[in-house]
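A.B. asks: In the order they appear, the protein sequences are chains A and B.
For what it's worth, numbering that gives the first Met the number 0 labels the leading residue of the first sequence as 0, then goes sequentially.
For what it's worth, numbering that gives the first Met the number 0 labels the leading residue of the second sequence as 0, then goes sequentially.
The hints are simulated quantities; they were obtained by calculation from the structure and are not laboratory data.
Only a predicted model underlies this, so the values are computations on that prediction, with no experimental measurement involved.
For each residue, glycine too, the CB sits at the ideal point set by N, CA and C.
Treat the hints with caution; some may be incorrect.
[Unchecked claim] If you anchor each label on the Cβ, the simulated ranges turn out as follows:
1) B/S213 with A/E51: 43 to 51 Å
2) A/K33 with B/Q261: 30 to 38 Å
3) A/D79 with B/R61: 25 to 33 Å
4) A/Y115 with B/P46: 48 to 56 Å
5) A/R53 with B/D196: 43 to 51 Å
6) A/D55 with B/S107: 21 to 29 Å
[What the hints assert, rightly or not] On the chain B side, residues computed to face chain A include the following (Cβ under 10 Å):
7) A151
8) P154
9) E157
10) A158
11) L178
12) E216
13) A287
14) R289
15) G290
16) V292
17) L293
18) P314
19) A318
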Amino acid sequence: MSSDSEPDIDTERAIDPPGQRLRQTRETLGLSRKDVANQLRLSHETISALEEDRYDALPAPIFVRGYLRNYAAVLNLPGDELVDGYGKYVGVEPPQRLVSTDRRRQVGSGDRRMRYATAAIVLVLVGLVAIWWYNNELFGQLGGAPAAAPSHTPVAALPPAPPPVADAPPAAQAPGAAVAASVAPAAATTSPDQVAKAPASAVSETPRPAAAASVTAAATATTAGRARAAKTAGSADVLTLRLNASSWLEVRDATGKRLVYKLGRSGDVEQVSGKAPFQVVLGNSPAVEVQINGEPFDQSPYNGNGRKARFKVGG
Amino acid sequence: MLKRLRGLFSNDLSIDLGTANTLIYVRGQGIVLNEPSVVAIRQDRGPGGPKSIAAVGTEAKRMLGRTPGNITTIRPLKDGVIADFTVTEKMLQHFIHKVHETRFFKPSPRVLVCVPCGSTQVERRAIKESAAGAGARDVFLIEEPMAAAIGAGMPVDEASGSMVLDIGGGTSEVAVLSLNGIVYSASVRIGGDRFDDAIINYVRRNYGTLIGESTAEKIKHEIGTAFPGNEVREIEVKGRNLAEGVPRSFSLNSNEILEALQEPLSGIVGAVRTALEQTPPELGADVAERGIVLTGGGALLRDLDRLLMEETGLPVVVADDPMTCVARGGGRALELMDQHGGEIFTVE
Numbered sequence: 000m001s002s003d004s005e006p007d008i009d010t011e012r013a014i015d016p017p018g019q020r021l022r023q024t025r026e027t028l029g030l031s032r033k034d035v036a037n038q039l040r041l042s043h044e045t046i047s048a049l050e051e052d053r054y055d056a057l058p059a060p061i062f063v064r065g066y067l068r069n070y071a072a073v074l075n076l077p078g079d080e081l082v083d084g085y086g087k088y089v090g091v092e093p094p095q096r097l098v099s100t101d102r103r104r105q106v107g108s109g110d111r112r113m114r115y116a117t118a119a120i121v122l123v124l125v126g127l128v129a130i131w132w133y134n135n136e137l138f139g140q141l142g143g144a145p146a147a148a149p150s151h152t153p154v155a156a157l158p159p160a161p162p163p164v165a166d167a168p169p170a171a172q173a174p175g176a177a178v179a180a181s182v183a184p185a186a187a188t189t190s191p192d193q194v195a196k197a198p199a200s201a202v203s204e205t206p207r208p209a210a211a212a213s214v215t216a217a218a219t220a221t222t223a224g225r226a227r228a229a230k231t232a233g234s235a236d237v238l239t240l241r242l243n244a245s246s247w248l249e250v251r252d253a254t255g256k257r258l259v260y261k262l263g264r265s266g267d268v269e270q271v272s273g274k275a276p277f278q279v280v281l282g283n284s285p286a287v288e289v290q291i292n293g294e295p296f297d298q299s300p301y302n303g304n305g306r307k308a309r310f311k312v313g314g
Numbered sequence: 000m001l002k003r004l005r006g007l008f009s010n011d012l013s014i015d016l017g018t019a020n021t022l023i024y025v026r027g028q029g030i031v032l033n034e035p036s037v038v039a040i041r042q043d044r045g046p047g048g049p050k051s052i053a054a055v056g057t058e059a060k061r062m063l064g065r066t067p068g069n070i071t072t073i074r075p076l077k078d079g080v081i082a083d084f085t086v087t088e089k090m091l092q093h094f095i096h097k098v099h100e101t102r103f104f105k106p107s108p109r110v111l112v113c114v115p116c117g118s119t120q121v122e123r124r125a126i127k128e129s130a131a132g133a134g135a136r137d138v139f140l141i142e143e144p145m146a147a148a149i150g151a152g153m154p155v156d157e158a159s160g161s162m163v164l165d166i167g168g169g170t171s172e173v174a175v176l177s178l179n180g181i182v183y184s185a186s187v188r189i190g191g192d193r194f195d196d197a198i199i200n201y202v203r204r205n206y207g208t209l210i211g212e213s214t215a216e217k218i219k220h221e222i223g224t225a226f227p228g229n230e231v232r233e234i235e236v237k238g239r240n241l242a243e244g245v246p247r248s249f250s251l252n253s254n255e256i257l258e259a260l261q262e263p264l265s266g267i268v269g270a271v272r273t274a275l276e277q278t279p280p281e282l283g284a285d286v287a288e289r290g291i292v293l294t295g296g297g298a299l300l301r302d303l304d305r306l307l308m309e310e311t312g313l314p315v316v317v318a319d320d321p322m323t324c325v326a327r328g329g330g331r332a333l334e335l336m337d338q339h340g341g342e343i344f345t346v347e
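Okay, chain A solo, but in the shape it has when bound:
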C-alpha cells in the first residue's frame, strides 16, 4: 500500500467508483491482473471490467459486490467502502439490512396517535353529553308549557335559557344569546314540537341559520314579549302538592329561592306561591299530586328508574 496514493483516495472515495483504487493498489503491490484473476478464480475480462468500472459487462449486482469484497480482501483494502462506492456509482442500494432483531411495535398510551384518538373520543363524548343535557333541559321546560298560561312563556323561557348556553360548545356561544331569544317567541306562537326543533338545530353547531333566525325572531320578541311580561309581572303562580304517602319535597321558584325543603307526611297539602317555573324534586313521585294554578300536572314522564322525580313546572 503506497503512502502517496492514500490521501487523495480518501478525499475522493465518496464519489469515486472503486475501480481506480483497486488498480492503483494492485499495481503498488506488484500484482498483475492475471495473478488476481487466478486467486479469485475469475476471468481476466471480469477483473478488467472491475478495474475500469464497466459494470454493464459484469453479472448481477450481488456478484459484483461479492467480487469487490473478495478483490479487496486480496489487496487488504476495506471491502465495505469499495462496495459502498460501487453502490453510489451505479445507484444501486444494497438490500435492506436487518431492521431490528426484536422490533416490537407496541403502541402504548403515550403514543401520539393514541393520545389524539383518546382526546377525540373524550371530546365526542363530552359533546354528546352536552347536547343530550341541553335537549333534556329544553324538553323539561317545554313539558310544562302547554299547561301553563301563554302569558307566562316569555318570563319562563328567558331566564333558564342562559345555563345551556354556558355549556354549549364554544362555537355556539355567540349565537347562544340569540337562540335564547328565538325560543321565547317560538314557544309563544307555535306548537312545542316546532320549538324543540328550532333550538336543536341551533345547538348542532350551525350558528349561521340560528343567528339568521334570531334576527327576525328577536324583533318580534322585543315587542310582543315585553308587553306580555308587563301584563303578568304582578301575579304569582301557585303550586299545590297533595301527598298520598310520605315523600321528600323540594321546590324552588324561578329565581332559585327555596320555597319548600322538607319531608312531607301522608295527607299533607303543600301550597306555595312564587314565580314560575318551579323546580320540583319529589322523593316519592307516584304518591304526590301536583297542581299548578289549580290545573293538575302529570309528572309521571319525569319519574326516573325509581320513584324520584325532578322536573320543572309552570315554565
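Please build the complex by placing chain B on the supplied structure of chain A, with the hints as guidance.
C.D. replies: Using the frame of chain A, we list chain B on its own:
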C-alpha cells in the same frame, strides 16, 4: 382508504422457520423478527402436571442448559424439519402474535414458509398445518434455496444457471436455479448445529473438558474459521473438566477450531461437488462464469468462501446480510406471486 383498511388487518408474512433461528419478514416493513427457535416449557406439579410456555425465542435461548427441573428448553425443529409439532405451533403462534402486537383483532395473515428442499411430504404437511394452526389464513410453501436466491438478488428468472449454497442451522442446501425453477437441488443435514457439536466433541477429546452448546456457539462465532488464515485468534473458555469434575478455564485458538470443523466442512464441500457434477453442462458453465453464492448463517463462518473457492476452483461470493436472505426472498416471492397471479414458486 379501503385498501389501507384491508392492509391493516392482513399482513403478508414470510417466515424462515429455521432450526436455529426463525425470521419473519413483513411485507412493506422488512425483517421484523429474528429470534432463536427455542421454546422453554414449564411443567409444574411433577410429571403429568399441566404444561405451560415459560419463554420463547431469545429469552428461552438464554435458559438453554441452565434450567431447573420443572423447565425444559426445547428446540422444536431438528435438521430443518419439525421434530415437535405442538411446540412448533405454539412458537409460531407466539411469533406471529408478536409481529401483530398492535392489532385489535386476531391476526390471520397470509403466510409463506420456507421448507428445506430435502423435506418429505409428511414434513411439509406438518409445517403447513403448524402455520395454519398458528392462525394463518393461507399457507404457501417455498423451497429454501429458491427463497435464498431471490433474497440474495440472483437473477433466477433468467435463462442462465445460478448456484446457491444456503447453510442453515440444521441443513445445508445447494441448488442450481434457472428460469424461476430448480434444476438440481440437494440437502445435507449439516449446518451450524453440527459445527457446534464438532467443537464440543473436539474440546472433550483434546482437553478432557465438557462445554455446553451456547459456549460452543460462542467459540464458533468468535474464532471459528474454515480456512487457515494469516492471523491466529484465541478465546478463553470455561468448561467442566471431566477428570477433576470442577469447572476449569482454558484457551482455544482458531487453528484448533479449524481442525474441529474439518468433518462437517468436508460434508458441505462434498455436497457442492456432487451438485456441480450433476448440473447440466450449460448451466455448469454459467455457474463457473459467475460463481456460487453463499447464504444462511453458516456463510458468516470466516473464510468459508475461501475454502469453497480452493476446493471447487470457482468464484464464490457471500450474499449481503446472508442470515436474512431466505426470509427476504420469501417476502419478495409473495410480492411476485401477487404480481403474476399464480403461485409460481410454491410447492405442495
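A.B. asks: Does each hint fit the structure? Answer for all of them.
C.D. replies: Verification of the hints:
1. B/S213 with A/E51: 43 to 51 Å: Given range 43 to 51 Å: holds, Cβ gap about 49 Å.
2. A/K33 with B/Q261: 30 to 38 Å: Given about 32 Å between the Cβ atoms, the range holds.
3. A/D79 with B/R61: 25 to 33 Å: 31 Å, holds
4. A/Y115 with B/P46: 48 to 56 Å: Given range 48 to 56 Å: holds, Cβ gap about 53 Å.
5. A/R53 with B/D196: 43 to 51 Å: 47 Å, holds
6. A/D55 with B/S107: 21 to 29 Å: 46 Å, violated
7. A151: 5 Å, holds
8. P154: Status holds, d = 5 Å.
9. E157: Holds - the Cβ of B/E157 comes within 10 Å of chain A, reaching about 9 Å at its closest.
10. A158: 14 Å, violated
11. L178: Not OK, violated: B/L178 not within 10 Å of chain A, min 15 Å.
12. E216: 16 Å, violated
13. A287: Where the cut-off is 10 Å and the nearest Cβ of chain A is about 9 Å from B/A287, the hint holds.
14. R289: 5 Å, holds
15. G290: Where the cut-off is 10 Å and the nearest Cβ of chain A is about 6 Å from B/G290, the hint holds.
16. V292: 7 Å, holds
17. L293: Check passed: Cβ of B/L293 comes within 9 Å of chain A, closer than 10 Å.
18. P314: Hint on B/P314: holds, closest Cβ of chain A at ~5 Å, below 10 Å.
19. A318: Nearest chain A Cβ about 6 Å off; hint holds.
Hints 6, 10, 11, 12 from the list above are not met by this structure, while the remaining hints are.
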